[in-house]
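Colleague: Read off the chains here:
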Amino acid sequence: MSVEVSRRKFLQGSVALSVAGASAISATNLFSSEHASKHQSANGRIPSTITTKTSTKEAENVPFLCGICVNKCAGFARVEDGIITKLNPNPYFPKSRNMLCPRGNAGIQTLYDPDRLKYPMIRIGERGDGKYKRVTWDEAYEAILNGTNKFKGIKQILDEEKDNRATIGYCNGEGLSKEGFEVLVGEKIGSPNYVDEISICLETTLGGYVNTLGTYGEADLNNADYLIIAGANRAEAIITPDTMDMFKRSKGRGLKTIVLDPRFTNTSAKADRWYAVNPGTDLAFVLSLTYVVLKEELYDKDFVAEHGIGFDEYKNTILSSKYTPEWAAEITNIPAKEIYKTAREFMQARSPIYYQGRRSVFSKNDFQLRRAMATFQALSGNLDKKGGLVYGEKLALPKEDINAPIYGQAQPRFDKEGIAIPSQKTGSWIVFRNMVLEGKAPYKVRSMFMRKHNPLAGVPNTKKTVQFLKMMDLNVMIDILPSDTTMYADVVLPEASYLERTSPVSSYGATEPAIVQRKASIAPLYETKTPEVIYKELAEKLSKPLWEITKKYDEDVQDDTEGMSPKEILAYYKENGFDLTDPWEKPVEEQNKEKVVSMYGEKAWKILEERGVYYPHIEEYHKQLNPNESEYYPDNKKKYTTQNDKLKVHFTLPNLAKKGVDAVPTWHDDYKFSVPEGQFRLVTGRHAQFTQSGTTNNAMLRDLIPTNYIWINQRVADKRGIKFGDKVEVKSNIGKVEILAYPTEKIAPNQIFMLHGFGGSSEKMEMAYGMGANDALLIEDKIEPVYGAAVMHETNVEIRKV
Amino acid sequence: MARYGMALDYKNCINCKACEVACKEENGVELGAEKHRIWVGGNNPEGQWPLLDIASAAFLPSQCQHCDDAPCEEVCPTHATYYDENGVVRVNADKCILCSYCMNACPYDARYVDDRTMTVDKCTFCSDTRLARGETTTACQNTCPTKVRTFGDLDDPESEISELLRTREHFSLKSHLGTNPKLFYLT
Ligand code: SF4
Ligand code: SF4
Ligand code: SF4
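Residue numbers (UniProt numbering), protein chains in the order written: chain H, 1 to 802; chain A, 1 to 187.
Since the hints were made in silico from the structure, they are not lab data.
Among the hints, a few may not be true.
If you only want the chain A side, here are some residues facing chain H, beta carbon under 10 Å, derived [unchecked claim]:
| hint | residue |
| --- | --- |
| 1 | Val29 |
| 2 | Glu30 |
| 3 | Phe59 |
| 4 | Gly134 |
| 5 | Thr150 |
| 6 | Leu154 |
| 7 | Asp156 |
According to the in silico footprint, chain A covers these stretches of chain H (three or more CB under 8 Å from chain A) [claimed, not checked]:
| hint | stretch |
| --- | --- |
| 8 | 48-57 |
| 9 | 100-112 |
| 10 | 622-636 |
Idealized CB from N, CA, C, for every residue including glycine.
Turn these sequences into a full structure, and let the hints steer you where they fit.
Modeller: What follows is the structure, given as structure tokens:
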């Protein structure tokens with residue numbers, strides 16, 4: 001092996017891509033050492049330097065859960081003199097087992113980001129221009145209620161809409177305090193129009209598996225021996241514990257790994273075989289694997305007989321459709337003999353896994369792809385057992401009863417057009433937005449309540465999202481950073497970051513279930529508040545005035561309260577949930593304690609407080625094996641097998657057929673990969689040092705990846721005279737961006753790739769601003785037909801050197 | 001006293017750079033593309049799409065090798081570079097005059113200039129942070145998602161690293177130079 005190890009060569013080489021262009025910030029970087037860094041700052045709570053050397057002084061170690069991506073890895077924050085100087089991994093959590101990824105390590109920079117939202121603000125300029133004035137929290141709540149001369153308040157809007165609560169839309173990205181926001185705006189204020197990340201993320205993956213196997217499951221990669229991984233890039237888009245398990249046994253060490261990816265990624269570099277599949281054609285690949293297995297009768301017949309439903313129809317359909325490897329080869333760009341080999345190897349393996357994947361919907365056929373993957377996995381019989389897809393268990397936590405009021409005037413949600421299984425709770429971002437925008441909604445949506453969500457970067461077709469937000473009479477944003485979307489808010493409420501708040505206790509279900517708690521490492525900086533405090537205070541502010549509007553328009557309420565004394569009305573208001581504040585009567589800390597003590601006792605609570613993690617017998621079970629690894633549950637106590645007889649595999653879905661969805665995964669010719677001559681298919685993805693649009697402003701991560709590049713095939717680039725670092729224009733049907741070029745052989749001649757999350761338009765995120773390009777400006781707003789989820793990889797673009 | 005070394009199960013490495021970030025946060029290392037005590041070397045795969053040679057795309061984490069016979073130490077005119085009691089090769093910033101002899105002498109290119117102090121800096125095995133606090137881990141080893149790194153006392157036959165070096169084949173970089181590195185790559 002001739003890997004270049006020297007620092008200089010490393011920087012000159014093409015791997016320097018990720019650091020090329022760094023870094024303006026090092027020039028302004030301040031001196032930092034044990035002596036010099038006295039952590040001086042305006043209020044003494046912010047370190048005076050970007051990186052802070054840890055010292056040998058007494059420090060507190062506070063258990064936290066990382067909040068940068070969805071994983072919630074557990075860690076301990078080292079707090080010295082009220083400053084967080086280091087985040088270390090927490091060895092007690094079986095899911096993240098003593099690891100923090102680069103983003104997790106750089107979490108300190110989120111907290112101390114100079115661009116953070118620091119005070120409540122009210123818009124005084126035009127939407128998008130970033131002109132705000134600093135106000136008190138009460139003035140901000142007041143503006144949400146009554147508006148200003150620049151925008152209307154919720155009271156006025158609801159009055160004009162005669163208490164139709166559906167006029168308020170709301171959205172929230174993934175995280176531990178999301179549920180509280182759903183309770184506030186959905187259950188208590190009464191809006192049905194909720195959109196979250198799922199319809200721009202992994203909705204079809206979950207749906208495909210749940211409809212087929214009853215649950216999504218977890219890949220037991222520690223014990224598997226054969227892995228097909230497609231549509232997931234675990235080396236660069238890190239998910240715990242899968243990433244941790246996968247690469248310790250790849251490369252001839254027990255886990256044979258087959259990677260399908262249009263690009264050669266860091267995951268491909270770990271593969272035994274890498275297939276450069278055409279984007280959007282994975283379904284043809286799985287169908288042809290299935291064809292081989294059915295034709296050659298390689299499947300686990302006993303398993304299928306015991307757990308399968310609708311197998312014969314499935315088998316007949318697949319076989320009569322002639323999904324041969326030869327057929328698939330032409331569509332997928334994977335040679336037929338490789339498909340035969342893979343199908344046979346998979347079925348011969350002891351514990352094979354076709355990795356379920358995550359993240360976004362790639363193509364219109366994504367639901368069927370996931371169904372086909374799940375059924376193919378089932379053919380091996382490797383389900384609900386060690387080394388297969390396992391279901392695990394969850395440790396119970398009590399749920400609060402929400403006293404949700406009923407608003408007679410609230411209209412139902414409407415974003416169901418063209419969707420087979422419309423989601424009642426989370427809807428479809430694209431359909432919702434587009435219907436409002438095009439005036440197709442049956443009533444007006446006039447306000448967006450948003451939290452921790454940046455649809456301008458996440459939802460395809462940014463221009464439309466901007467127009468949509470501009471149509472609103474009132475936009476409210478609760479967030480940590482001044483994102484692109486925040487710039488369209490009328491009222492901005494600054495939230496405490498994940499290191500400054502105790503979050504609702506949470507249960508992690510798996511083969512080694514555990515309960516975890518995030519504790520506040522330090523008090524909220526500036527004037528930020530924790531989400532739960534914000535929910536409570538906002539609820540207090542809105543409660544009575546909104547109730548007055550309900551009384552005015554809701555005939556049921558009028559009938560009910562007819563002839564009541566004011567005191568009785570007040571009792572009615574409370575009893576029927578119109579008092580919005582009750583879910584937050586007790587602070588989070590108290591609620592957590594009550595929940596845990598009621599289920600597991602005082603001792604469990606003490607352990608959770610100290611370690612951030614609890615599971616029954618933790619003290620007996622948890623063993624440190626070596627400097628890096630621990631054992632959590634003894635092997636015979638792990639929940640590998642939990643379904644037994646309950647396990648059902650729905651090979652066909654006749655009920656969905658009634659809704660126009662193929663009952664058996666089927667290939668249609670319009671799924672074929674096709675890119676007009678001279679154009680390119682746009683593929684996007686994540687990176688280990690980078691998650692979503694929020695991390696672009698992180699000083700440490702930005703230092704590693706300051707911008708995104710467009711990957712373009714080397715030979716194509718040569719022909720077009722495009723060299724590394726050249727600026728190119730990328731243009732789709734809906735928009736164009738400029739971005740720097742990275743010519744490479746790691747991508748096909750008719751495809752391009754860019755990292756998601758860059759190209760922020762908010763000038764208030766100073767480090768991220770002007771760096772790279774936003775893929776959401778290019779990606780067309782197509783939906784897949786089962787859930788209405790956004791299709792991310794079906795946009796063709798043209799490129800031109802500028 | 002210990003004799004600290006590190007074994008790297010480098011085939012696990014996914015080039016995520018958690019180690020680099022952890023090191024920078026732990027030790028207050030300067031930001032900047034060239035300012036790092038540890039890095040991961042790598043190559044682009046050879047060949048043309050789609051026929052790329054997977055094996056040619058390996059990742060190799062690297063840093064100061066803490067040579068037992070360190071050329072950097074030999075050439076340092078002010079004795080700023082020294083072996084501490086744990087066999088860790090250290091730089092005394094107060095003595096460093098930035099003559100850069102050590103930077104040229106080091107065959108592993110492990111040293112760089114810290115622009116704030118205008119002295120040479122490099123990996124210290126977290127000697128003045130974690131080890132000084134009595135911890136026996138380094139920041140990079142502790143955080144690594146795929147557990148590439150095992151840090152420990154080479155003189156202690158019971159230590160994990162000694163066990164690994166006894167039972168697994170390994171090599172060191174540029175061993176022909178006779179520097180006797182204390183970084184071991186497990187095969
Ligand atoms: S994977 Fe990384 S960013 Fe995500 S939660 Fe874990 S440490 Fe944080
Ligand atoms: S943290 Fe581990 S896997 Fe990541 S780059 Fe460093 S050594 Fe490699
Ligand atoms: S690797 Fe270089 S800096 Fe480190 S001890 Fe050896 S010669 Fe000195």
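Colleague: Would you mind marking each hint as holding or not holding in the structure?
Modeller: Each hint, compared with the structure:
no.: 1; hint: Val29; in the structure: holds (6 Å)
no.: 2; hint: Glu30; in the structure: holds (6 Å)
no.: 3; hint: Phe59; in the structure: holds (7 Å)
no.: 4; hint: Gly134; in the structure: holds (9 Å)
no.: 5; hint: Thr150; in the structure: holds (6 Å)
no.: 6; hint: Leu154; in the structure: violated (14 Å)
no.: 7; hint: Asp156; in the structure: violated (12 Å)
no.: 8; hint: 48-57; in the structure: holds (count 8)
no.: 9; hint: 100-112; in the structure: holds (count 7)
no.: 10; hint: 622-636; in the structure: holds (count 4)
Hint check: violations occur at hints 6 and 7; the rest are consistent with the structure.
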